[in-house]
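Let chain A serve as the given structure and place chain B on it in line with the hints.
Sequence order for the protein chains is A and B. Counted from 1, the first sequence has number 13 at position 6 by this note's numbering; the numbering is strictly sequential. Counted from 1, the second sequence has number 285 at position 219 by this note's numbering; the numbering is strictly sequential.
For the record, the hints were derived by calculation from the structure and aren't laboratory data. Don't be surprised by glycine CBs; every beta carbon is placed ideally from N, CA and C. The reader is advised that the hints may include incorrect statements.
Stated by the list, open to error - Pairwise CB distance ranges, derived in the manner of DEER restraints:
| id | chain 1 | residue 1 | chain 2 | residue 2 | range |
| --- | --- | --- | --- | --- | --- |
| 1 | A | ASP245 | B | ASN281 | 45 to 55 Å |
| 2 | A | GLU223 | B | PRO126 | 48 to 58 Å |
| 3 | B | ALA273 | A | PRO279 | 50 to 60 Å |
| 4 | B | VAL288 | A | ARG294 | 37 to 47 Å |
| 5 | B | ASN281 | A | ARG247 | 54 to 64 Å |
| 6 | A | PRO319 | B | GLU92 | 29 to 39 Å |
| 7 | A | ALA208 | B | MET124 | 36 to 46 Å |
| 8 | B | ALA273 | A | GLU332 | 29 to 39 Å |
To be verified - Reference excerpt, derived from the structure (chain B facing chain A, CB under 8 Å, subset only):
| id | residue |
| --- | --- |
| 9 | ARG82 |
| 10 | SER86 |
| 11 | LEU89 |
| 12 | ILE169 |
| 13 | LYS171 |
| 14 | PRO172 |
| 15 | PHE173 |
| 16 | MET175 |
| 17 | PRO261 |
Stated by the list, open to error - Going by beta-carbon spacing under 8 Å, a handful of chain B positions derived as facing chain A:
| id | residue |
| --- | --- |
| 18 | ASP93 |
| 19 | LEU146 |
| 20 | ALA150 |
| 21 | ASP174 |
| 22 | GLY290 |
Below, each chain spelled out in residue letters.
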Amino acid sequence: MRRPLRLRLSVRLAVTFGVGALLVSALLASSAYLLSRRYLAQEQEHATLRQAYFNAAVVRTGMQAQTPDVPGLLDLLPSGIGTNALIEQSGRWYSTSLTVSRDGLPLSVKRPVLNGAVVQAWIRSNGAPALLEGIPLPSVDGAYFQITDEAALARTLSVLRAVLAAAAGAASLAGALVGWWASRRLTAPLRSVAAAAERIAVGDFQTSLPPEADAELGGLVDSFNTMVEALKERIERDARFAGDVSHELRSPLTTLSTALSVLQGRRNELSPRGADALDLLSGEVLRFQRLVEDLLEISRADEPGAPVDREPIRICELVLQVLAEGQYGEVTTDIDSRLLDATVDGDKRRLEQALRNLLDNAQRHGGGIVRVAVEPQEGAVALVVDDMGPGVPPADVDRIFDRFARGRLSRRRGSQGGTGLGLAIVREHVRWHGGHVTVRSRPGGGARFIIELPASGAE
Amino acid sequence: MDAVPDSVLVVDDDDRIRASLRLALEDNGYRVIDAADAESALELIARDVPDIVLLDLMLPGIDGFECCRRIRREHDMPILVVSARADSHDVVAGLEAGADDYIRKPFDMPELTARIRALRRRLQPAAVADGTTELQGAGVWVAPERGEVRVDGEPVHLTKTEFRLLLEFMQHPGRVYTREVLLDRVWEYGYFGDPRIVDVHIGRLRAKIEADTANPTRVVTVRGFGYKFDA
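Next comes chain B alone, as it looks inside the complex:
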């Protein structure tokens, strides 16, 4: 752990949940700031950018989805959506609004801290095994350590998770990844994650690096298996 503790912004309208999360996260060594609604969360972020956002989707006023989109306009820090609603539409909608991952209430604290740690690791500059500083393929250029991406020469801005996903693909062009393997390698959850997270992120990544998202040529679907990067 760094000398300066990571800061986690907790956005939840339930006072008791905020209070208990503050206790638990502080015990785990995080600095916690909290907000009861989206407006004050956005204000807080403007003043003090947190390392990670823990965002409840059901908020009074501006809802969690919109809040997520507004944060994404300016920041690429990991956002972990806390979904009180169980149905998958909310989960997918939350991910499409720009969240990196979701966790369902009620959650186990060890599970939450495991996810936060996994998200936290994506904040570090990506390390490529053989020390390569540049990767290239299919018109995509990536500088892992600087976190830069160019598609056909144009710089593209990716979130931390999207960047990790692209990097994983580009390190092994042609390799077919199942969703589970991607969850394991990019999200670092082993088999515990929800494969839909992968699908939504693939969709977002395609929107940024494909000329035509309906007919992707770089990140292609292998039906019944998963995805691969066509260099």
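So here's chain A without its partners, still in its complex pose:
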């Protein structure tokens, strides 16, 4: 029933919620990151540019002296850690650091500065981001360049990135969890509806769902319960109808069979043809009578009805008794000695009828009874009836216990007129006792019917 390729609803909802949370948190995190980065970078740019102007002014003043000492000037510059300065004057370059030379300056900065423009740019220096300012000093025919290492900023940003990414991950995980929880919450009534529907499918009409507080889910539960109620009513009505019809047939049938008995008593007064007709009539009235009995029996089984007192029934005694009453000829009986005192809580009449119907079925359609056994099972007693018929085709195994199933089955229709309800009655009565009846192929051919009943007494 389950479609294998579709993910379960709860998984799908969890994934959807997770992806949604991931998208939202990733968007928030990345914009937070970008904004912070821009803000931090601008702060840094302003600070270093101010520093650069200041330094450039110092340099210019120094270089306007009579004997400018450019390297000395460089030492004078208030340089922080990671700040390097370069001075160009009339094509000559001076640097505070060996690692920074004019070759480290990108042309795109160097040229406009040398042409008289102030430039600030982000570059990479020694593999780390750095800020480069270039300030032309036209009055001394020079230029001041300053490279500030911004590795600290980069580290700050990478930490921020990591934190934001972790937050986004956590948010999407939380989203997935919320999705899963919500779907469980949402599908809980669906699951209980499904479980209830399954119970109803096997005939348990006492099933109803507990009321649900939520308005939308409550609607589902209410309509489900209403449906169960309607279904139950309908089934009961159908059952009552079958019962009522059969009931109405009782009086005319009583007259028919009583009047027929009068005719049978006076059979010798009839002509041979009349006697033949009487025999046909008698046979059919008898069959009709049985059918009505069986219909009543099964419609009674359908009724919820008043509880019948259950009593402990000694199952082996019952089997032997049913066998003794019927005309089944020689039947091998296997009774497990451990079960001699085993009892089943139930209604003797129903159990007797169930067993009798199975035996009649074996005799009528199964070519005769081979063996009847009482076998122990875990917490149960099994009544086994083996016949020597053709067995039951696998396709019919489930349907053979249906009412009037005979006509639809691939099995040969017996000419000795069963009512078509015998096995259905077996199933109803066994179910009434909380047991079940099955049929399978017997080793060596023929069918094996097994009634399993929950044992009550001594094992």
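This is chain B only, laid out in the frame that chain A set:
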């Protein structure tokens, strides 16, 4: 069969059933009187007491249960209830109203006549195998041939079936009877009867001979088996 045929009163509101039963029972040698409702049945019984009553439970006016109770107030002839309804409550209620047995519609004529014969036999004085004329036990005294019963010295009136049941128990005090055996020996049906008949009759018998029906000391239940008479 006696020179005077047994009379059977058929009470049923269905004319055709009455007509067919009359034909069938007369062919079996019974004298048949019939009534379509309880009132006329009670009138008939007042004038001409039948040997056996065949009573449908579903009657217009006074229903079969009430009719059964009214007959029982004055008569102990066997009453066979004909139940058109299949459910067991009606059956038990009919038996509790005083019927001796029930048969379900539609029935086979041979089955009906077998039951009538069995009921008929209870009309004869009970014969005890060794010719004992009195039995006694647990404060109960029985004279089989006269059909008399005394409990702690007080005379008690039992129906024919209740009497047979008590007699069976008293002949074998201490013996545990299953319902089936009782059906066989008292109702004489073999295994064909409904065990509930036995239970209802045991209940009625207890009501007449036990001091406390909730805690019977004479006819006691053996759970899972049946009943026995504690002498």
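Contradicted hints - numbers only: 5, 6, 12, 19
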